[in-house]
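*Asks:* If you're matching them up, the sequences are chains A and B in order.
Note that the first sequence covers residues 1 to 186 in our numbering.
Note that the second sequence covers residues 1001 to 1346 in our numbering.
Hint data in this document are derived by calculation from the structure and do not stem from the laboratory.
Do not take every clue at face value.
Claimed, not checked - Estimated spans, in silico, between C-beta atoms of each pair:
#	chain 1	residue 1	chain 2	residue 2	range
1	B	Val1148	A	Pro57	51 to 57 Å
2	A	Arg78	B	Glu1250	48 to 54 Å
3	A	Glu125	B	Arg1247	50 to 56 Å
4	B	Arg1052	A	Gly157	41 to 47 Å
All values reported here derive from a predicted model rather than from experimental measurement.
C-beta: ideal position from N, C-alpha, C; glycine also.
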Amino acid sequence: MAEDARNTEPSFRDSALQYLDGLYAYAMTLARNQAEAEDLVQETYLRALQAFHRLRPDSNLKSWLFTILRNLRLNQVRDGLSKSRVVEMDEPGGGTREFEDKSLKDPLFVYLAKVTQADVRKAIEELPATYREIIVLREFEELSYHEIAQVLDCPCGTVMSRLKRARERLKELLQHWSLATSEAGQ
Amino acid sequence: MSQCEVNMSRIDLYLDDELAEDELEVFNRHIKECSSCAEELIERRRFLERIRAARPLYPVSPKLRREVAAVLGELADSRTVPARGRPVTRIMGKSRAWLGWLSSRPIPALVASILAIAGVTTLSRLSLTEARANAFVNMAAQTHRQQVTGQLPLEVRTNSPSEISAWFADKVPFRFRLPTYQETSGQGQKYELTGGRLVDFKGVQAAYISYRMHARIISLVLTPASSSVAAGGETTVSKGLTFHAHRRDELQVVTWSVHNLTYALVSDVNLPIGQSCTVCHASAKDKNLIQNLKSRNKPETNRNNLMFPSHADTRVAAFLMRIQNTSSMITFSVTRRRRNNKLEEY
């Protein structure tokens, strides 16, 4: 059995490293602190390596790793081990009220043309944690709804509705900035 | 609900590749016929493309990349990966389920569980260092075996320490100078430098140096301390250096770190760490070094550190191994101490 376990480790090592960028981005999304995010990623790999033998061959390694990271973070927050203490895991009650003025909606593509990469990053960082993480998991890590549901431990329907709201909120943030920038330039 | 409304509600699913085959067929057919739905699809696609173009959101630092690669490589290489069978899944489980599990335990079990969690966390961190140290020991032992069996030929053959140092100068990311035999021994020559070669350890060039003593090969591996660590095993402290003696089957591997380098000395000498050093070092010059050691150290404070359990009843071995990567010298000396704490040559 020990021999079997050793035989599985190289494949884990080779496969797991390709998810480093995604895991780090997700860790930053949750922790918003580089040192804590780096610790989270290292701890994730350590835990994964320790438990890898329990993973079924047909399991999804990527979503499994993201799940480990998220649970580690939840434990940190729960146990008060996080220094940054900035993770709010609840969805905002206000929804999209702030930017519901339809007059802000620019004609097709106009605002998108003004949006820079830095704007996108800033807007994502301004999202509530629940929206932020689902945007990262879907748009950046390209996890399927099913995989996201596994990571977030929620039904697929919740993933769909939350993702929809997160995108709307992100779009509104960017539109708002775009309009503000245009007005400032006039 | 009109077909437009149905399609509008499915645009995100379409863009996320989440539509079932029959839904996809209906969706595509409608988009070809409906300009407003097609326009909405284009807008949403452009929006997502713009969002995704911001990737990477947070670039990974080279340091983290190296560290993770080391964790994965070293833990997998290590035979002491500690947690197979440990209750890691409890820690990783759902937080609510975990709290529920805890609340269902009787108090002693609860305490034990909390201790177990703390233990797992601590052991995880400890195991990381141990695993890294073990990986280095394993590499050194493996390199030694390959050298002994002829699978890893030397790239430079010389008995000149200065030639060895010069050969490595532009090949490894650190500098060192080997001492001459006379510098380290001062006695009739028991061992001879035979050469060296480059070896790879975690993607970093390391120096392998081979010595021969009669028919026996002794290997020295040098790596930057940033890529390896000396830890674990039987620990001996002397002159501010900590030596770690490990067994790998027939081999003894002694590791230590100093001046930003980590060293591994490998041989098949089957003796306790102190005695094994006397194989090469039992000279008048060593005695001078020992006297020097005596004058610098307080016997009262060093005695315990210098004791080796297997010899504590009769003697204490003082083990000095001083290596300066840029200055001059590798020095090994071993002494024994009588019960009255007087040093004498061993």
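*Asks:* A separate judgement is required for each hint: does it hold in the structure or not?
*Replies:* Each hint, compared with the structure:
1. B:Val1148 x A:Pro57: 51 to 57 Å: violated (39 Å)
2. A:Arg78 x B:Glu1250: 48 to 54 Å: The hinted range 48 to 54 Å holds for Arg78 (chain A) and Glu1250 (chain B), with Cβ atoms some 49 Å apart.
3. A:Glu125 x B:Arg1247: 50 to 56 Å: holds (52 Å)
4. B:Arg1052 x A:Gly157: 41 to 47 Å: Violated, since Arg1052 (chain B) and Gly157 (chain A) (Cβ atoms, about 24 Å apart) do not stay within the stated range.
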